[in-house]
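Those protein sequences? They're chains A and B, same order as listed.
Here the first sequence stands for residues 147 to 846, numbered as in our numbering.
Here the second sequence stands for residues 680 to 779, numbered as in our numbering.
Hints are computed from structural coordinates only; laboratory data are not their basis.
The beta-carbon is built from N, C-alpha and C at its ideal position, and this holds for glycine as well.
Some hints could be false.
To be verified - Covered by chain B, per the in silico footprint, the following chain A stretches (three or more residues, Cβ under 8 Å): (1) 684-690; (2) 784-790.
What the hints assert, rightly or not - Below are the DSS-like pairs computed for lysine-lysine, each with C-alpha atoms no more than 30 Å apart in a straight line: (3) A:Lys-744 - B:Lys-690; (4) A:Lys-733 - A:Lys-597; (5) B:Lys-764 - A:Lys-528; (6) B:Lys-764 - A:Lys-782; (7) A:Lys-733 - B:Lys-745; (8) A:Lys-597 - A:Lys-834; (9) A:Lys-744 - B:Lys-757; (10) A:Lys-435 - B:Lys-683; (11) B:Lys-764 - A:Lys-845; (12) A:Lys-587 - A:Lys-715; (13) A:Lys-770 - B:Lys-727.
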Amino acid sequence: MKSFGSSWIARTGIVVIAAVLVEIISIVQYRSLRDMMGEEMSLRTRVVMGTMANEIEHIFHLTEATMAENEWDILRNLPYPDSLFPVVSRLIDDNPHVVGGCLAFLPYYYPSKGRLFEPYAFKNPDGSISVVQLGSEAHDYTLNPEFRWARDSLKNSWTDPYFYGPDSLSYATFSVPVFDSKGSLAAICGLDIDLSWLGDTLNARQHFPSSFSLLLTRKGDLVTGPSDGRVSKNDVARIVDIVNGRLPESAFPGISIWRTSLKTNPYWQLVQVYKEDEVFARINGLRRKSMFFILLGLAILVFMIKRYSSNESKLRKASEEQARIAGELSVARDIQNKMLPKEFSADIHGALDPAFEVGGDLYDFYIRDGKLFFCIGDVSGKGVPAAMLMSVIHSLFRMTSQKEESPSRILAALNRHLCEGNEKNMFVTFFAGCLDLYTGKLNYANAGHDKPFLIDSSVCLLPAKANLPLGVFADTQYEEQSLVLAAGASLFLYTDGLTESKDKQRHNFGRTRVQQVLERCLNAHTHSPGELVLTLRQEALDFSSGLPQSDDLTLLCIRFQPSAILCEKITLSNNTEEVSALSSFVKDYLSRIQMDRKVSAGLRLALEEAVVNVINYAYPPGDKGEVTVYADSNYKEVRFTIVDSGFPFDPTAVLAADITMDAKTRPIGGLGIHLTRKLVDSVSYCRKHGNNVLTLTKKI
Amino acid sequence: MTTKVEEIDGKLVATLIGELDTAAAAETEKALAPLLNAGGKDIIIDCKGLEYIASSGLRLLLSVLKSAQAVGSHVVLKDVNDVVKDVLDLTGFVSIFDFE
Numbered sequence: 147m148k149s150f151g152s153s154w155i156a157r158t159g160i161v162v163i164a165a166v167l168v169e170i171i172s173i174v175q176y177r178s179l180r181d182m183m184g185e186e187m188s189l190r191t192r193v194v195m196g197t198m199a200n201e202i203e204h205i206f207h208l209t210e211a212t213m214a215e216n217e218w219d220i221l222r223n224l225p226y227p228d229s230l231f232p233v234v235s236r237l238i239d240d241n242p243h244v245v246g247g248c249l250a251f252l253p254y255y256y257p258s259k260g261r262l263f264e265p266y267a268f269k270n271p272d273g274s275i276s277v278v279q280l281g282s283e284a285h286d287y288t289l290n291p292e293f294r295w296a297r298d299s300l301k302n303s304w305t306d307p308y309f310y311g312p313d314s315l316s317y318a319t320f321s322v323p324v325f326d327s328k329g330s331l332a333a334i335c336g337l338d339i340d341l342s343w344l345g346d347t348l349n350a351r352q353h354f355p356s357s358f359s360l361l362l363t364r365k366g367d368l369v370t371g372p373s374d375g376r377v378s379k380n381d382v383a384r385i386v387d388i389v390n391g392r393l394p395e396s397a398f399p400g401i402s403i404w405r406t407s408l409k410t411n412p413y414w415q416l417v418q419v420y421k422e423d424e425v426f427a428r429i430n431g432l433r434r435k436s437m438f439f440i441l442l443g444l445a446i447l448v449f450m451i452k453r454y455s456s457n458e459s460k461l462r463k464a465s466e467e468q469a470r471i472a473g474e475l476s477v478a479r480d481i482q483n484k485m486l487p488k489e490f491s492a493d494i495h496g497a498l499d500p501a502f503e504v505g506g507d508l509y510d511f512y513i514r515d516g517k518l519f520f521c522i523g524d525v526s527g528k529g530v531p532a533a534m535l536m537s538v539i540h541s542l543f544r545m546t547s548q549k550e551e552s553p554s555r556i557l558a559a560l561n562r563h564l565c566e567g568n569e570k571n572m573f574v575t576f577f578a579g580c581l582d583l584y585t586g587k588l589n590y591a592n593a594g595h596d597k598p599f600l601i602d603s604s605v606c607l608l609p610a611k612a613n614l615p616l617g618v619f620a621d622t623q624y625e626e627q628s629l630v631l632a633a634g635a636s637l638f639l640y641t642d643g644l645t646e647s648k649d650k651q652r653h654n655f656g657r658t659r660v661q662q663v664l665e666r667c668l669n670a671h672t673h674s675p676g677e678l679v680l681t682l683r684q685e686a687l688d689f690s691s692g693l694p695q696s697d698d699l700t701l702l703c704i705r706f707q708p709s710a711i712l713c714e715k716i717t718l719s720n721n722t723e724e725v726s727a728l729s730s731f732v733k734d735y736l737s738r739i740q741m742d743r744k745v746s747a748g749l750r751l752a753l754e755e756a757v758v759n760v761i762n763y764a765y766p767p768g769d770k771g772e773v774t775v776y777a778d779s780n781y782k783e784v785r786f787t788i789v790d791s792g793f794p795f796d797p798t799a800v801l802a803a804d805i806t807m808d809a810k811t812r813p814i815g816g817l818g819i820h821l822t823r824k825l826v827d828s829v830s831y832c833r834k835h836g837n838n839v840l841t842l843t844k845k846i
Numbered sequence: 680m681t682t683k684v685e686e687i688d689g690k691l692v693a694t695l696i697g698e699l700d701t702a703a704a705a706e707t708e709k710a711l712a713p714l715l716n717a718g719g720k721d722i723i724i725d726c727k728g729l730e731y732i733a734s735s736g737l738r739l740l741l742s743v744l745k746s747a748q749a750v751g752s753h754v755v756l757k758d759v760n761d762v763v764k765d766v767l768d769l770t771g772f773v774s775i776f777d778f779e
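In isolation and in its complexed conformation, chain B is listed as follows (with noise of 0.2 Å):
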C-alpha cells in the first residue's frame, strides 16, 4: 500500500494505491496526516490504484471529510473501482462524499 499526498493547484491531492486493509490502516492513516489540517483547501482522493478498503480505511476517509467539513473545505473522491464503491455503497459513504 502506497499513499501519497501532495499540493496541486491549491488543492491537496491524496493518491492510494493497492489495498487499503487494516493492516495498511495504521501507516495510511500517517501519511494521511496532512489532510487533516487542510486548513481550508479543497481535497482530492485519487482512489484509481485503490484495489481494497476495509473499514478501517472508511474510518480515514471519513476523519479526513469531518475535519475538511468542519473548516468548509470540499472532499471528492476520484476514480473509484466497482469493488471499492460497492464498498461505499453498503456503508452509505456513497452519500457523504463527492465523486469524480
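Just chain A, with the same shape it has in the complex (with noise of 0.2 Å):
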C-alpha cells in the first residue's frame, strides 16, 4: 500500500509539473505576443494618426490657398462695393471644402453701404451659391469675438469649432484682415468649412469596430467625433476630459488612448482610442484556444496515468495473485512430492517430473507381506485439477490395496470410485502390479496405459492387455495377467512424458528409442534401476534440450531379486491338537534361518494363537477343515501366510484387548488375537479366492 501511496504521488506531481510548465510558457508567449501587438499597434497609430492629421492639414491649408488665390480678385474689386458679391461667390466655389464666404467691412468702410457691410455667399443643398448681404443691425459682426480678434490682432487665424444652422453642424472660419491699397485695413474676410463630415472621415477606416478617433481643438475641446454611435457621448466626454488632465486615465480602463497635434494652425489635437480587449483579440482567442488544448492535453496525460496506474494495479494484483498461487502450488508440489515413495533401493527406483508446478502422473510402491505392490498412472491433463485427482488416485491405491491383492480388482475399485460424480470426464491411464518378493510372480492388470518394459536377458514390452482407462465406464471389467519374473530380470514403467518428450523439429521421443536404451544399458551391464531410470530421464532431457518441458515425466523401475532363501508349508487339519505339529515346523523353520531364540518364541506363539483361531472358529463345530501354513522369508524378513478355506474373518478387524482391567473383570478369552498382533511387525488379512488369508511378517 506504501508503494502504491507514494507511487500515486509521483503520477499526480507529474501532472501538476507538467500543467505549470505548460501555463509558464504560455504566459511568457502571451505577454512578449502582447508587447509585440502593442508595439505593432503603436507604430500603426502613429502612422495612422499622422496621415490623417495631413489631411486634416491639407484642409486647412487649401482653404489658406484659396483666399492667398482670390486676394487679388478682391484687392481689385475693392473699390465697387457690389462687385464683391461675385467675388465671393468666386472665392467659395474654388474650393469644396469652403461651404460660405464673407467679406465683414470696418464699419462705415462704404459710407454709401451704411455702417454694416457683408457680402456672404453659401452654397446650397443643391450645390448652387447664393450671396446676399449679411450685415445689419440684427446681425452686428463686429460684436463676434473672431472678427474683433483679427481686426486687432491683424492676423490670419482659425476660429474654434462652432456650431450652426438647424442641423447642428459643425464649423471652422478661417479669418483673414483684409488691406487697401493705401495699407488700411479694409475687411476681414471669413471662409467658413464644414467640420462635420471630417469626424465621419476621420472614423471612417477604423482598424477595430470599436476604435474611434476624435478632432479636439487647441485648447481641449472637441470639434468632431464619430457621429454613428459606436460611441456614447458621455464616453466621450470623458475621453476629453483625460485627455485634458481632467481624469487620470484610469478612470476609463480598458482603453488606450493615443494622441497628436496638427503641426500648423489651428494646431488642433488628434485622439485615436482603442478598447484594449478589441486590439489584443486575437491573442487573447489564441491564449483561450491554447488553453482549451492545454487542458486538453493535460486531460489526456491525466487519462493515460490513470490508465496507466490501473493497468499497473491490475498487473500488481494479478502478479501478487501469482505469486500467492505459485506460493501455494510450491506448497502442494511439496505435498505432492511428498506422497511419492522416495525409499529406493538397489531393487526399484523411481523418478517424477512434472511439468508445471504440480502433475498428474503418479507412481507408488510399497511392501506389504512380502509382496511388492506398485502402479503407475497418469491423469488426463495437467496442473492442479490433474494433481487433485492424482492425489485422490494414490489414495484410492494405498486404501484399496490394503485389503486386496490383486491388480485386477485393486483397478476395478479404483474405477468405481472414480467414475462417481466423475462430471469432467477426467479420465486416468493407470498400470498396478504385485510381485512376490519370494517367488517372483508378478501380477498385473493394465487400464490404458503404456505397456511397461520387461528387461530380462533382452529388451521387450511385457504383453499387457490395454483395458480401457479408470474413470471411463463403472463396470469396466479389468483383466488380470501374470508371468513369474526370473531372477534379476526387471520392469521398466513410464509416462508418456517420455515417449512423447519433442526435440526442436516436434519428433517424439518414441518407444523405440526407450528400447533402444534400455537395450544399451542391458548390453554394458548399466542396468540396475537406479542407473535405467538416470538415463532414461537424461536422454529424454537431452532430446527435448532447451525446450520447456511438455508434459509430466513419470519413470519407475522394479528389478527381481530372488530373496526367498527357504519356503516352506504345513497343512493342519482344525484340531487343537495340531498345534504341537505347528509349533515343531515353526520352531524347525526358524531354527533353519537361525532365528534368534527369544524371536522365535514369540513367533510360535504368535503362530498358535492365530491357528488356533483358525482351528477352533473358522469352520462349523464337528465339520473337517483345513489350514495351511506358509513360511518363507528373505534377508530381511520372515512371512508366515496362514490360509484357510472356513467363514470370512478378519481378525485384524477385531478391536484391542483391554489389557490394564484387574482380574475379577477381565474376561477369560480375547487374548489369543491380541498376543499375535504384539508379537509380529505386521499382520494383514484378505479374503482370497474363497480363502482367508492372513500374513504375518516380522523384520529380521
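Hey, can you piece these two chains together into the complex? The hints should help.
Right, dumping it as C-alpha cells:
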C-alpha cells in the first residue's frame, strides 16, 4: 500500500509540474505577443494618425490657399462694393470644403453702404451658390470675437469650431484681414469650412469596430467625433477630460488613448482611442485556444496516467495473486512430492518430473506381506485439476491395496470410485502390479496405460492387455495377467511424458528409442533400476534440450532379486492337537534361518494363537477343515501366511483387548489375537479365492 | 507337559513343567482343578520348568486367580522365565499376579 501511495503522489506531481510548465510557457508567450502587438499598434497608430493629421492640415492649407489665390480679386474689386458679391461667390466656388465666405467690412467703410456691410456667399444643398448682404443691425458682426480678434491682431486665424444651422453642424472659419491699396485695414475675410464630415471621414477607416478618433481644438474642446453612435457622448466627454488632464487615465479602464497635434495652425489635437480587448482580441483568442489545448493535453495525460496506473495496479494485483498461487503451488508440489515413495533400494527406483508446479502423474510402491505393490498412472490433463485427481488416486490405491492383492480388483475398485461423480470426464491411465518378492510371481492389470518394458536377457514389452482407462465406465472389468519373473529381471514403467518428449523438430522421443536405450544399458551392464531411470530421464532431457517440458515425466523401474531363501508349508486339520505339529514346524523353520531364540518363541506363540483361532472358529463345529501355513523369508524378514477356507473372518478387524483390567473384570478369552498382533511386525488379512489369507511378517 | 499339584505347609503348590500350549491346555486344566477349590488356601504356581505358555494357558492362570481371589486366597507365580514373563507382560498379567 505504501508504494501505491507514493507512486500516486509521484504521478500527481508529474501532472502538476507539466501543467505549471505549460502554463508558464503560455503566459510568457502571451506576454511577449502582447508586447509585440502593442509595439505594432503604436507604430501603426502613429502612421495612421500622421496620415489623418496630414489630411486635416491639407484641408486647412487648401482653405488658406484659396484665400491667398483670391486675394488679388478682392483687392481689385475693393473700390466697387457691389462687385464684391461675385467675388465672394467665386471665392467659395473654388474650394469644395468651403461652404461659405464673407467680407465683413469695418463700420462705415463704404459710407453708401451704411455702418455694416458684409457680402456673404453660401452653398445651397443643390450646390448652387447664393450671395446676400448679411450685415445688419440684427447681425452685427463687429460683436463677433473672431472679427474683433482679426481686426485687432491683423493676423490670419482660425476660429474654434462652432455649431450652426438647423442641424447644428460643425464649422470653423478662417479669418484673414484685408488691406486696401492705402494699406489700411478694410475688412475681415472669412471662409467657413464644414467640419461635420471630418468626424466621419476620420472614423471611416478605423481598424477595430469599437475604436474611434476625436478631433479636439488646441485648448482641448471637442471638434468632432464619430457620429454613428459607436461611442456614447458620455464616454467621449470622459475621454476629452482624460486628454485634458481633468481625469486620470485609469478613469476609463480597458482603453488606450493616442494623441497627436497638427503641426500647423490651428494646432488642433487628434485623439485615437482603442479598446484594449479588441486590440488583443486575436491573441486573447489565441490564448483561449491554446489554453483549451493545454487543458485537453493535461486531461489526456491524467487519463493516460490513470489508465496506466490502473493497468499497473491490475498487473500488480495479478502478480501478487500469481505469487500467492505460486507459493501455494510450491507447497502443493511439496505435498505431492512427499506422497511419492522415495525409499529407493538397489531393486527399485522411480522419478517424477512434473511439467508444471504440480502434475497429474503418479507412481507408488510399497511392500506388504512380502509382496511389492506398485503402480504408475497418468491423469488426463495437467496442472492442478490433474494433481488433485492424482492425489485421490494415490490414496485410493493405498487404501484398496491394503485389503486386496489382485491388481485387477484394485483397478476395478479405483475405477468405481473414479466414475462416481466424474463430471469433468477425467480419466486415468493406470498400471498396477503385485510382485511376490519371494517367488517372483508378478500379477498385473492394465487400464489403458503404456505397456511396461520387461528387461531380462533382452528387452521386450510386457504382454499387457490395454483395457479401458480408469474413470470411463463404472462396470469395466480389468483382466488380470501374471507371469513369473526370472531372477534379475526388471520391469520398466513410464508415462507418455517419456515417449512424447519432443525435440525442436517436434519429433517424439518414441517407444523405439526407449527400447534402444534400455538395450544399450542392458548390453553395457548398467541396468540397475537406478541407472535405467537416471539414463532414460537424462536421454529425454537431452532430446528436448532447451525446450520447456510439455508433459509430466514419470519413470519407475523394479528389479526382481530372488530373496526367498527358504519356503516351507504345513497343512493342519482343524484340531487343536495339531498345534504341536505347528510348533515343531515353526521352531524347525526358524532355527533353520537362525532366528534369535527369544524372537522365535514369540513367533511360535503368534503363529499358534493365529492358527488356533482358525482351528476353533473357522469351520462349523464338527466339520472337517484345513489350515495351511506357508513360511518364507528373505534376508530382511520372515513371513508366515495362514490360509483357510472357513468363514470369512478378519482378525485384524477385532478390537484390541484391554489388558489393563484387573483379574475380576477381565474376560477369560480374547488374548490370542492380541498376542499375535503384539509379537509380529505386521498382520494383514485378505480374502482371496474364497480363502481367508492372514499374513504375519517379522523383520529379522 | 507335566502338571503336579500338592499341599505343602498349608499352601497349594502347583508345579508346571514343559510347554503349556493349546494342545496341552485341556489336560493341564484338569490337573489344576484342585486349585479352583482351594478353600482359602494360598496358591503357589511354580513356573521354574515352564518353558512356554500360550493364551489358553494364560486363561487357566486367570481362572485360578479369579476363584482364589473370590475366597480371599493369594496366588503367587514363582520362578517365571523370560519367555513366559514376556508373554505375561504383553497381556498385562504382570500387574494382576504376584511374583516370587
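Now the hints, each set against the structure:
no. : hint                  : in the structure
1   : 684-690               : violated (count 0)
2   : 784-790               : violated (count 0)
3   : A:Lys-744 - B:Lys-690 : violated (33 Å)
4   : A:Lys-733 - A:Lys-597 : violated (44 Å)
5   : B:Lys-764 - A:Lys-528 : violated (59 Å)
6   : B:Lys-764 - A:Lys-782 : holds (27 Å)
7   : A:Lys-733 - B:Lys-745 : violated (33 Å)
8   : A:Lys-597 - A:Lys-834 : holds (27 Å)
9   : A:Lys-744 - B:Lys-757 : holds (20 Å)
10  : A:Lys-435 - B:Lys-683 : violated (129 Å)
11  : B:Lys-764 - A:Lys-845 : holds (22 Å)
12  : A:Lys-587 - A:Lys-715 : holds (18 Å)
13  : A:Lys-770 - B:Lys-727 : violated (38 Å)
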